[in-house]
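**Q** Sequence:
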Amino acid sequence: MPPRALRHLPLPWILLLPVLLGGCGGNWGWHVVNPSDPRGRANLGFMIEGLWATVSLSLAAILLSVLLGTGVALLGFSRYRALRLANRLWVELFRAVPILVLILWVFYGLPVVIGIRLDVFTAAWLAIAICDSAFEAEILRAGIQSVEQGQREGAAALGLSRWQTMRLVILPQAVRRILPPIANQFVYVVKMSSLASVIGYQDLTRRANELVVSVFRPLEIYTILILEYLVLILLISAGTRWLERRLGADQARPRDG
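If you want this note's numbering, it's the position in the sequence shown, counting the first as 1, plus 2.
Hints are computed from structural coordinates only; laboratory data are not their basis. Where hints are given, some of them may not hold.
Straight-line distance between alpha carbons at most 25 Å, and here's what the computed SDA-like set of lysine to any residue pairs gives [to be verified]:
no. : residue 1 : residue 2
1   : 193       : 174
2   : 193       : 51
3   : 193       : 170
4   : 193       : 69
5   : 193       : 239
Based on the sequences and whatever the hints tell you, model everything.
**A** Here is the structure:
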């Protein structure tokens with residue numbers, strides 16, 4: 003196809019063009035995921051059953067990471083140097099450690115270190131949340147620092163303590179500003195949750211891997227897996243954009259009086 007003709011194709015067709023051209027060799031076996039075929043429906047159902055496992059792990063991980071990240075971020079604003087140092091150590095350490103490595107270490111290393119063996123969900127949940135908390139801490143730190151200095155001065159003029167200022171004045175405004183970045187971080191967590199499949203967690207990726215072993219059609223199975231993640235991420239992204247519009251509309255609305 004001439005390069006000039008490519009410019010007139012919609013983006014989805016351009017993205018699908020390599021797949022369509024690659025299928026011209028006649029060696030594709032789409033019957034294994036064909037919904038009109040009983041075996042294909044069974045394979046699709048087996049893969050889709052991992053959707054809840056992916057969503058539940060991602061939701062649990064993002065909730066814990068936000069809680070941990072909030073605590074770590076607040077350490078960075080402490081008047082004590084040791085607590086500020088703890089903040090930097092946590093952020094730099096867990097931003098540097100790959101999530102896959104930490105998942106393997108938590109699942110296989112903790113039984114050796116402290117004698118406690120975690121199930122696959124708990125191990126993946128803790129590892130993903132701990133790694134992501136370093137990023138959440140930096141997001142919250144930026145949100146807190148974005149609050150105008152006049153807010154702190156006004157709280158001090160009212161006689162509020164340092165903790166009361168942070169809890170009643172700074173954090174509510176910071177949380178409002180960082181909701182869209184946290185929603186975007188949730189997309190990252192959903193994608194990283196696929197790494198839990200290496201320890202046997204029955205998410206979308208693990209079920210796709212098991213199906214590949216049984217039907218010997220990796221190209222078709224992993225294509226469907228890509229589409230599953232694509233639909234899931236697009237839904238999350240749409241919700242993120244809706245949230246950003248709502249927050250933008252609220253901030254742009256003029257105040258009465």
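**Q** A separate judgement is required for each hint: does it hold in the structure or not?
**A** Hint check results:
1. Taken as a hint, the residue 193 and residue 174 pair is broken in the structure, with Cα atoms around 29 Å apart against an allowance of 25 Å.
2. Taking the CA atoms of residue 193 and residue 51, the gap is about 17 Å. The hint holds against a cut of 25 Å.
3. A threshold of 25 Å between alpha carbons decides the hint, and for residue 193 with residue 170 the separation of about 35 Å lies outside it, so the pair is violated.
4. Proposed proximity of residue 193 and residue 69 is supported: the alpha carbons are some 20 Å apart, at most 25 Å.
5. The straight-line distance between the Cα atoms of residue 193 and residue 239 is roughly 13 Å, inside the 25 Å bound, and the hint therefore holds.
Violated hints, in rising order: 1, 3; the structure is consistent with all others.
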